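Protein chains: 2
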Amino acid sequence: MVNAARYYPQLLSIMGSTLRFLPTFAAMRQLLVEGYVGEVQVCDVRVYGPSLLDQSYGWTCEDLMGGGGLHTVGSAIIDLLSYLTGTRAQRVHGLLRTFVQQNDTIRGIRRVTSDDFCFFQMLMGPCSSGVCCTVTLNFNMPGSFLHEVMVVGSAGRLVARGTELYGQRNNSKSEELLLGDGDWAGPDAKDIPLPHLRGLGAMVKALRQSFQAHQERRLWARGPVATAPTFEDGLYIQTVVEAIKRSSCSGEWECVEVMSKEPDPNHNLCEALQRNKN
Amino acid sequence: MVNAARYYPQLLSIMGSTLRFLPTFAAMRQLLVEGYVGEVQVCDVRVYGPSLLDQSYGWTCEDLMGGGGLHTVGSAIIDLLSYLTGTRAQRVHGLLRTFVQQNDTIRGIRRVTSDDFCFFQMLMGPCSSGVCCTVTLNFNMPGSFLHEVMVVGSAGRLVARGTELYGQRNNSKSEELLLGDGDWAGPDAKDIPLPHLRGLGAMVKALRQSFQAHQERRLWARGPVATAPTFEDGLYIQTVVEAIKRSSCSGEWECVEVMSKEPDPNHNLCEALQRNKN
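Protein chains in written order, with numbering that gives the first Met the number 0: chain D, 0 to 277; chain Y, 0 to 277.
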């Protein structure tokens, strides 16, 4: 898919990242580039909320089908942190847990295999002066929702709480509100957290602008969707997710090595057959 | 020292743990025992604040002399979490960083070696049904102080923010204040965070009560200081701290194995000589 997207650059191919389009994170990135926090040292992300499982058994319960906190929310955070810091994860360490393996509707012989608690660390950029990222995702907290992204640097810090952006410089005595909640004209969707809902709205708006710029809407303008993650970014995100899962099994730091050439499908088939034999 | 304390039980030997004596954590432990959160799954602790370094160069700058976030604050948190959960860490994983190695007063050939950012994870209790603890200590945040201890369980959660205790059960829609700030009659000390200052006050009060119970104050009553950590607990804390430091070097999970017999001093001397040779 990455190769196909490269081959047809006139076709729009972006990942559906909602958080990059949220004004909060666009402003955060701008302030980071302008040096508000100085040299970035630590990023700390926490997302807490109720269970991600569907009412009945389905893909959300299965790790292999893309369910769980790491796949659903973690991948958006991995993308966001590389967008904010402008670097990529070199090494990761993770811990996945499924605390609730059965509930009122998923029981009997069925068990949830997707994670409801996920913690991972990423070391970004060059080893000597890298950024430490810690991400905690906990979906065993019904009745609450918290979405906090904090970036701490040598000269100050920025914190996005939900869709609001706060900042404090080291020489200042208190936090300042840098970007308020604004007016949300869109619909209220109970199931989608506000940062993702608003980000989605902003992304759709950007897509409209991108196509409206051209007659008959058969071409698109790069400008409005310039910040969107590419398929290359998508491959990077997937590679980090896989490395975190590997680390949770091995207990060790895992290197993030993004695939640079297309895998041999025959080789994969052989491996799968081998695995089945063992 | 542990053996000496065991040998003279009539002499009072407790560790100076201030947090166990803080009413907030005494109430938290009580609620955990009563099953407020159900089965404990995750503990999440965050302590953020300004630099722990002294104005001039001294022990606070040196890791080997006991400086840094892990030694100063981390050890109190390790003790607190074993007090709250009633279990001990089996395996730990840690990451220590010194982001600020030189400042206005510590410069030239001198460098800070103690950590100003410390992150560690502890797996407590039996492997199959253990508790995951994540602890983030960041002392690169001048102008702010945050001390948050959260315990998430199968039926609800408890959060101590500073000296206040909040709770929410899974079937409840909002958080409730379980223990307010109360009246603090003691002096205000700018350099000591409120939870530690108040805990210290409570500990000194408990010591007074313990000795006042007896004539001439030459004996002491166990009751008021029953919750204080013993020297055995101190050895456990030190063992966890060492394991976290080992893990930060190795990058791997390290087992916590508390020493059960006195080390041979000659053996240690030999090792030290060996190290000097290399």
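Quick caveat, the hints were computed from the structure, so don't treat them as lab data. Careful, some of the hints might be misleading.
Which copy is meant is left open, so a pair is good if it fits within one copy or across any two.
What the hints assert, rightly or not - DMTMM-like, lysine to aspartate or glutamate: derived pairs with alpha carbons at most 25 Å apart:
| no. | residue 1 | residue 2 |
| --- | --- | --- |
| 1 | K260 | E215 |
| 2 | K260 | E33 |
| 3 | K260 | E175 |
| 4 | K172 | E147 |
| 5 | K204 | E231 |
Since the model is a prediction, treat every value here as computed from it, not as a measurement.
The hints, checked one at a time:
Taking the closest pair of Cα atoms, K260 and E215 never come within 25 Å of each other, the shortest separation being 37 Å inside a single copy and 82 Å across copies. For the homomeric pair K260 and E33, neither the shortest alpha-carbon distance inside one copy (36 Å) nor that between copies (57 Å) is at most 25 Å. Within a single copy, K260 and E175 get their C-alpha atoms no closer than 47 Å, and across copies no closer than 55 Å, so neither meets the 25 Å cut-off. In this assembly of identical chains, the alpha carbons of K172 and E147 lie at most 25 Å apart whether taken from the same copy (21 Å) or from different copies (20 Å).
Within a single copy, K204 and E231 get their C-alpha atoms as close as 23 Å, which meets the 25 Å cut-off; across copies the closest is 62 Å, which misses it.
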